[in-house]
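J.: Top line first, the protein sequences correspond to chains A and B. Okay, so the first sequence: first residue is 1 according to my numbering, each after it adds one. Okay, so the second sequence: first residue is 178 according to my numbering, each after it adds one.
Don't read these hints as lab results, they were simulated from the structure. Treat the hints with care, as some may be off.
[As the list claims (entries may be wrong)] Listed next, the stretches of chain B that the computed footprint assigns to chain A, with coverage defined by at least 3 CB atoms under 8 angstroms from CB atoms of chain A:
1) 210 to 221
2) 240 to 252
3) 255 to 264
4) 331 to 341
[Claimed, not checked] Just a sample of chain B residues kept apart from chain A, beta carbon distances all over 12 angstroms, derived:
5) Met178
6) Asp179
7) Asp181
8) Gln182
9) Glu183
10) Asp192
11) Ser288
12) Asn325
13) Thr348
Just so you know, even glycine gets a beta-carbon here, dropped at the ideal spot from N, CA and C.
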Amino acid sequence: MTEKKGHFDEDLELRVSPKLSEDLNALFKPQFSVPPELDRAIMDRANQRLVQRHWRHRIFHHISIWRIAAAAAVIIFAFSLNLTQKHGPSTSRTVLVKAQAVDIDRNGRVDILDAFKLARLIESAESTDKSLSPVSSTEQALRKQGWDINGDGLVDRNDVDLVALSAVRLDKNKGVL
Amino acid sequence: MDSDQELIELVNQGDPDAFEALYRRYRDWVFSLAWRFTGNQQDALDVLQETFTYLLGKFPAFALTASMTTFLYPVVKHLSIAVRSKSRRFTSDEEILGELTAPVLEDAQSSRSELAAVLTILPDEQREVLLMRFVDDMTLQEIAIALNIPLGTVKSRLHHALKRLRHDHRTQDYFLE
Chain A
1 MTEKKGHFDE
11 DLELRVSPKL
21 SEDLNALFKP
31 QFSVPPELDR
41 AIMDRANQRL
51 VQRHWRHRIF
61 HHISIWRIAA
71 AAAVIIFAFS
81 LNLTQKHGPS
91 TSRTVLVKAQ
101 AVDIDRNGRV
111 DILDAFKLAR
121 LIESAESTDK
131 SLSPVSSTEQ
141 ALRKQGWDIN
151 GDGLVDRNDV
161 DLVALSAVRL
171 DKNKGVL
Chain B
178 MDSDQELIEL
188 VNQGDPDAFE
198 ALYRRYRDWV
208 FSLAWRFTGN
218 QQDALDVLQE
228 TFTYLLGKFP
238 AFALTASMTT
248 FLYPVVKHLS
258 IAVRSKSRRF
268 TSDEEILGEL
278 TAPVLEDAQS
288 SRSELAAVLT
298 ILPDEQREVL
308 LMRFVDDMTL
318 QEIAIALNIP
328 LGTVKSRLHH
338 ALKRLRHDHR
348 TQDYFLE
């Protein structure tokens, strides 16, 4: 069959008698109707599914809201924790920043010599006071100098390590304070 | 009375009564269409049930972009073909047409039986468009969307079908001079 487009004669459709539609409808009209049992079966299925889905959708919706809220709370908590930690003494990164400011021999550079000098000062303090209790006078003097690098209340080997670490970092970057 | 769009919106929100309203509105049309395609009462009822089950599955996110008949027509057609092949009734459309045509009353017998006879000699595509236009009362644009063919093709098929009816002495009375 060939179908030439743009060939439609609208007049032809307009000339069709309404009887054509009537007779076609009569010819193709089913001789029986839909049994009520089928209506019920379809509607029962619809009720079941729609109610189920509606509740599933609502529950999912509520769960989603709670999930979003929980995720937001975790992010806010983590963010605030991070802010707090910036001021805290415990991370090596923040301590390193502080260590960079500690130029023990005051030569304008933080290098391995600063670590050595701090180590010697601590050793001499130990030999003088025999102990490094926070109340010892030499140790208090060292702390006054600001050499409690990690902020733990003691000026000891850990502070030396941090100064050494800072010096290594600075050496790598060829940094000068 | 709510529009199809309004009912669909309500069903999307989980309203079973809105679904029932849609079902009541299109049940007979779907059933007669299924009967037209299958030529068998039980198959037509199966198709009816399957069609509304399919529609139900579209919710709660169903968006109707054209008319409801445009949406349902291809669904009914494809399900009818599936049901026919499953029930192993490989009858031709002409045979179905023979089964379909309702027993005609004596006074109307001649014109309707002759109309049925002429319909059987129309190519399937032309007969389908003719019935969609004059039985289902669909616009040319709706037919094009439902069959997924260009509007020009719909016009061409309808033109050829009407032309054949008009030139056949058994059906020329359906045309006004």
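J.: Now tell me if each hint is right for this structure.
T.: Taking the hints in turn, this is what the structure says about them:
1. 210 to 221: Per the Cβ count (4), the hint holds.
2. 240 to 252: violated (count 0)
3. 255 to 264: violated (count 0)
4. 331 to 341: With 8 residues closer than 8 angstroms to chain A, the stretch 331 to 341 of chain B meets the three-residue bar; holds.
5. Met178: holds, 19 angstroms
6. Asp179: holds, 16 angstroms
7. Asp181: holds, 16 angstroms
8. Gln182: Check passes; 18 angstroms lies beyond 12 angstroms.
9. Glu183: holds, 16 angstroms
10. Asp192: violated, 7 angstroms
11. Ser288: violated, 6 angstroms
12. Asn325: About 15 angstroms separates B/Asn325 from the closest Cβ of chain A, which puts it past 12 angstroms; holds.
13. Thr348: Violated: least Cβ distance 8 angstroms, not greater than 12 angstroms.
When held up to the earlier numbered hints, the structure conflicts with 2, 3, 10, 11, 13 and fits the remainder.
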